[in-house]
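Residue numbers (the numbering used here), protein chains in the order written: chain A, 1 to 197; chain B, 1 to 94; chain C, 1 to 236.
Treat the hints as calculated values from the structure; they're not laboratory data.
Beta carbons: idealized from backbone N, C-alpha and C, even for Gly.
Each hint should be verified, as a subset may be incorrect.
From chain A, some residues computed to sit far from chain C (all C-beta separations above 12 Å) [to be verified]:
{"no.": "1", "residue": "20"}
{"no.": "2", "residue": "24"}
{"no.": "3", "residue": "30"}
{"no.": "4", "residue": "51"}
{"no.": "5", "residue": "65"}
{"no.": "6", "residue": "69"}
{"no.": "7", "residue": "99"}
{"no.": "8", "residue": "135"}
{"no.": "9", "residue": "138"}
{"no.": "10", "residue": "142"}
{"no.": "11", "residue": "174"}
{"no.": "12", "residue": "194"}
{"no.": "13", "residue": "195"}
Residues from chain B shown here face chain C by an in silico Cβ test under 7 Å; the list is partial [to be verified]:
{"no.": "14", "residue": "12"}
{"no.": "15", "residue": "13"}
{"no.": "16", "residue": "14"}
{"no.": "17", "residue": "15"}
{"no.": "18", "residue": "17"}
{"no.": "19", "residue": "18"}
{"no.": "20", "residue": "20"}
{"no.": "21", "residue": "21"}
{"no.": "22", "residue": "24"}
{"no.": "23", "residue": "30"}
{"no.": "24", "residue": "32"}
{"no.": "25", "residue": "33"}
{"no.": "26", "residue": "46"}
{"no.": "27", "residue": "48"}
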Amino acid sequence: MAVVTRGFGGRRPEPEHQIPPGQFVVQDFPVLSAGPTPNVDESRWELTVRTETGEGTTWTWDQLMELPAEDVVTDIHCVTHWTKLGMTWRGVPVDALLADVETSADFVMARSYGGYTTNLPLQDLLDGQAWVAFEVEGEPLEPVHGGPARLLVPHLYFWKSAKWLRGLDLMTSEDLGFWEQNGYHAYGDPWLEQRYA
Amino acid sequence: MSSPGTTAHDVPVLDGSALAGVLSEVYAFEATRAVVRCASCGHADVLARTTVHLTAMGGVVRCATCTAVLLVVVERPDGVRVSTSGAAWVQAPG
Amino acid sequence: MSWHVATVVGTRSVTPTARALTLAVPGFAAALPGQHVDLRLTAPDGYQATRAYSLSDTGQDERVDVVVDEVPDGEVSPYLTRVARPGDQLEVRGPLGGYFVWHEDDPAPVLLVAGGSGVVPFLAMLRARRAAGRRTPFRLVCSVRTPDDAIERAEVDSPDPGLDVHWVFTRAAPPGWPAPPRRLTTDDLVTPGFGPDDGTAVFVCGPTGFVEAATGLLTGLGHPPGRVRTERFGGA
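Bound-form chain A, shown alone:
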């Protein structure tokens, strides 16, 4: 191992429950980004779910706010080794957005304002595993953390929780998103340490 630097790192909080292998608990909420922070006003924000046949359903911000929202308390795990425990989020379950969608697709590409993409199996967005989140720790989600709304999929590494969400494209093949094309794992299960392809 590299030479250890005395006094660097401080005392990290001990987690009260198990965290995935290779993770360190942090108190702050680091910002990681592949590009500039988009500035999307709620008045022009839209989220489109598009099926593999090209049919789309679009929600405006007001329409999103009319859907039933939930409070979620969850740990989040970044592939860069930090874990933040017990974050409180509020969002609309993705189940609500996909309820009336007819599809035979197995995969989804999440698309962000600004061009970011990340791929997930459709199954991982269903059954209470994913939300379109617009509040964190009781406050509206700031742009640097993906506001006005981001995808939240806490059972996978956090790069899958696409910030500045604008679309979910259903796909029949497992096309890869931005980081996945650049060597990160196609699925990203933190408990199996699926960091790299």
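Since the structure of chain A is already known, use the hints to place chains B and C on it.
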């Protein structure tokens, strides 16, 4: 830090000089003076003049003219990987 | 380029928030003024963080001199400015960067524009110029918030033939200063002998916002973009 009521610090926009160290593990030449041509718009300039978003996930190098992604630099346990698909070419400094 | 083990041999406060550090680094050599190093810190639990810092002096092989300004809520700079002490070990990679370099045999006049701790690579250039006995025309324009934030102000202000220093204070000026606090303007960058027609080599260093604003003023004055070299930093 991002506790309620405070504004989180955004990822600062840097330039190619920020990648000099990590790219020294990939290229034998001095990287900041290497010229990169954008595959999207054709603009060519030294890496030092590109814009770079650098986080622990990786470094994303964008064309200063059209903002298309030129290079993506990821430090993996098995070595540094540079994706060059956004670059038409990379030329070593003369 | 591989990592060298570095040992802190000296620390010195230079402003209320910035500290100069000297590291002994066997195997480190041939740094040019303007270059930087990556510093890597490893915690006992294996966690690592790496940051880039400009060299404040390039005069001696096997020695690394940097000046670190503390970034609020940063991960690495608070350690380097508050905790690191002689005997501590970290790792260094470098010297790095061939673009943002002043070559001492270049006769062209040099205009240096610094925002805050962006002055650090220019300290290396001033020191190299002095050590080589050069009289190359140098003009340093240094923008800082208050006089207390001016890194190595006494050294920068000490007379040096051919070196001209111009301070811009943006929040509070020294008593009796002829100008009120204000941001950098075009007027600060116009000087006989350091114009575009003089073949001036321009270097700009500082936080991204400062660099972009200053570069805009410089290209507005007619400095060819190819003659304006910039280095942005974010800090943490």
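A quick look at each hint next to the structure:
no.	hint	verdict
1	20	holds (15 Å)
2	24	violated (6 Å)
3	30	violated (9 Å)
4	51	holds (41 Å)
5	65	holds (32 Å)
6	69	holds (31 Å)
7	99	holds (42 Å)
8	135	holds (23 Å)
9	138	holds (21 Å)
10	142	holds (15 Å)
11	174	holds (32 Å)
12	194	holds (20 Å)
13	195	holds (15 Å)
14	12	holds (3 Å)
15	13	holds (5 Å)
16	14	holds (5 Å)
17	15	holds (5 Å)
18	17	holds (5 Å)
19	18	holds (6 Å)
20	20	holds (4 Å)
21	21	holds (4 Å)
22	24	holds (4 Å)
23	30	holds (4 Å)
24	32	holds (4 Å)
25	33	holds (5 Å)
26	46	holds (6 Å)
27	48	holds (4 Å)
The structure shown violates the earlier hints numbered 2, 3.
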